[in-house]
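> Chain by chain, the residues:
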Amino acid sequence: MARPTASAPARTALIEAEHVSKSFPSADGPVLHVLDDVSVTLHEGEVVALLGKSGSGKSTLLRTLAGLIAPSDGEVRYRGMPLDGANPGAAMVFQSFALMPWLTVQDNVELGLRAAGVPEKQRRERALDAIDQIGLDGFETAYPRELSGGMRQRVGFARALVLQPDVLLMDEPFSALDVLTSENLRGELISLWAQPDFPTKCICIVTHDIEEAVLLADRVLVLGSGPGHIKAEVPILLPRPRDRRSPTFDQAVDRLYAILTGRDERSDAERAATPGPLTHPLPDASVGGLAGLIEIVYSHGGQADLPDLADELSFHVDDLLPLVDAARMLRLLEVEGAQAFLTDVGRDWYTADILRSKEVFATLAVEHAPLVATIIKALHNSDGGALRDDFFRDLLHRGFSAEDTEKQLDIAIAWGRYGELFDYDANTGELVLSEVAAALTALLMDGDTGVGS
Amino acid sequence: MALPRPFAGQDAPLRSRGHLGADMIVLAGVAVIFWLLIQLSHGITEPFDQVLAPSTVSTDPANLPYYAARSLLRMFAALAVSTLFAFVYATAAARLRRAEKVLLPTLDVLQSVPVLGFLSITLSVWLLLFPGTALGVECAAVFAIFTSQVWNMTFAFYQSLITQPRDLDEAARVLRLTKWQRFWKLDVPGGTIPLVWNGMMSFGGGWFFLIASEVISVNNRVYALPGIGSYVAAASQNKQIGRLLLAIAVMIVLVIGVNFVFWRPLTAWAERFRSGDTVTVEQQRSIVLDLLRRSVIPAIITRALRPVAACLERATRPLGRADRPLRINHARRRAGDIAFTVIVCGLIAFGLVRMLAYLGEHTGLDQFAVAAGLGLVTFARVLVLLILGTLIWVPVGVWIGLSPKVTRFAQPIVQVLASFPANFLFPFVTLLLIQTGISLNIGGILLMALGAQWYILFNVIAGAAAIPNDLREAAINLRLNRVQTWRYLYGPAIFASWVTGGITAAGGAWNASIVAEVVSYGDQTLTATGLGAYIAGSTADGDFARTLVGVTVMSIFVVGLNRLFWRRLYGYAERRLSLT
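As you go down the protein sequences, you meet chains A and Y in turn.
For the first sequence, the residue numbers in our numbering are 1 to 453.
For the second sequence, the residue numbers in our numbering are 1 to 580.
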């Protein structure tokens, strides 16, 4: 532990979120649950990482802690005071930097002080100090667009730290940067945190990068999706500075990987009796991407360690996981802990010629991808085997935001088109059943892959 | 682009050697502007008598510079008021949940209403507000220009407010900016580029209304303000072709001059507010801006104003932070919503009933049918104009847009043509019609087209210039013939731009019909059948009720066509024919 306070028995709670739920009303009626009964306490002297796949509501959670979003249920307190507006004790660092493009570095850093009503002279001095501290001297009069991504995020850090906030909230601060730059900046953050006179008492970082979480955090909260909830809390007790190559580090990463990809008792998907398009959304994966993943696993002898794989491809989990999820959904892969195994069907799909592999994919999609199955079934039951996409849009609206609805529909159409299950005319928005699908439907009607009702 | 100035603190004025020339020119420029303002303000506050007020102005060419300056002052006064109005209205529409429900539809309709019809109605109000000075009529003229510019600018600013990047909004809230700080550090900078560009376009359109508003006839009385527009009217009445040509020359100088010393530097300066990494290939350049940047005077002025800004920042602190409360009392909010809706609907219903009653009393509601019939006639003119304009200017625009060399050369000319007030040319066309005996019913199309057609050309050029080079190369490589190239590349690629140009051209044509369907040269007056002539006639007679009917019907035509026709086309273009 870098800071002695972290292990002290009675730690001061800075921000407390109690039984926070968040749902967004969607366009036509039904609400969209993003967070479900989440309780988090940020204590003095600790670094907390919120780790989760995309769609787990981790950014939403961070924004409720920052007082930017009101929870639908539950309460967020800062030093015991319920929030009603932006959290007065927190500063935030954004994934996209969120710098005012028309202000110089100096003016950007001064902005928060200006808001606090700090007199000009003092404001200038403090800003220059912060700029110095974060390694930006010489760039005071530059505009953000003249800077590289890494330098811009330094400005983002300076702007937050100059306010000497109790809590520093970070929303995937390094994910828009290249690998070397983010490693460098992460290191500087760690050394700042290690300074005894560092005014900020707590850091909370949202990330989808497991190694980043292990590198930085004293405590990792793993978020599960559908709706977002805390799946596990994992203390990281490794001594600092932490070494990525040490076996204990690897152990922690593997453990988090297993939790992240593992079964989830609390998500809707696991609770639902039969998988349907609303409880089992299609992972955001293209057929080409799937084929690539299977090819790699195949070339690894049909078995691969996922963290290694991600590392090898310099992928973030966020990029790899949808592919893995899709492969699992279609039974191309089986995953145990952090190990992925190629299934027989997967091998069959990969090694077959193009026509045969399309057939295999079509069968798998109809059997295991709930939305594809629903579309095929509905088309089959319609007159002439054709339906407007709006029909499915309405169906999906019951469980997804407008954006996600489009995404789901796009994925289903891409999969269906690849498997030559149906045709889609973008001009008329009409889905038309193909001959392949007609034969497959018989198979469907026997099985019980129903609409998620 | 000027390099970022080194962080210099106090010694900036001391480094002024070498910038001396620039400083002198800037100082002289500032002094001249002040002198002009003082000179011009004398004329405005002159005593004024409604009965003795001149109905025409002298056409002595020696007066022309003074007149031009007066007209220019009106334009800039209107621009200043428009900007202020845009700030307030757009901010209210974007930030106040309930106000938005009323303000937005209002804005939407007012954007496409023929403002010329309102002139006479507002004049009497302004005369009442400023009795005894020319300021009343002056205000009415400025107001006319204002109403022609403001909606576009307001809408542009509103758009920029509601499409603000979410992360910047969150940053502003997390940094706990005050409302005032947020407005000046985020809202205004973020909206500067659309505001400046729309301001420039609207300013160009404003000349048209300036000319129309300097000679206002209402209640059988004619008021003429000293200005370049009234000069043209007088010259036309006196059949002085030479002086008309002179006025046109002065007008061209004005348009180009304002572009050079005002809009060009402003648009170039506004580039600093572009967000993101997008560096435009073609940097906006301006000699005037370079001069200002080389001079230290702007820096000195900025420094002098800094305490004022700091003071305002402190003074506005009690307005509170730019944040939204997290806890909302839903029951109370809903009750408020209901009350608000009831009151607004009640007021609208009440107003509607009273208006219909008034119209029924004064002209009879059957006038709506008359106006609608005439509206169809004017609509036919607009349609012909659009078709002809498309047939002529789309090929020309594509030819210009596809060749960067021609574009560079032609774009400024088209820009001047688009902002040159077409009504300056009306006397010549009228003369031609009188000489050839062609009916204004047909000639009116030409008059309306004089101003409106350029929007089609302008937009098509922009659309054609944006066609990616690789697509053109692909078309050549595939050996598409001319017809096929138009069918599969040029047509789809410029469609969205054509729609934008078409909406603007149609709106402009409707508006122009009010001045184009009744024209006169010397003592001869030509009148066409149409809604524009109906409005112009009722205004001249001081028949307020019929003016109202005419303007209402025209608004319904314009808004209805926008909704039913243009928006659908635009939606289709966005969905199917987007290049990105």
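Because the hints were derived from the structure by calculation, they are not lab data.
Quantities reported herein were computed from a predicted structural model and do not represent experimental measurements.
Positions of the beta carbon are idealized from the N, C-alpha and C atoms, including for glycine.
It cannot be assumed that every hint is accurate.
Listed next, the stretches of chain A that the computed footprint assigns to chain Y, with coverage defined by at least 3 CB atoms under 8 Å from CB atoms of chain Y [as the list claims (entries may be wrong)]:
id, stretch
1, 31-44
2, 96-106
3, 115-123
> Output the numbers, in ascending order, of every earlier hint that fails for this structure.
When the structure is compared with the hints, only number 1 turns out to be violated.
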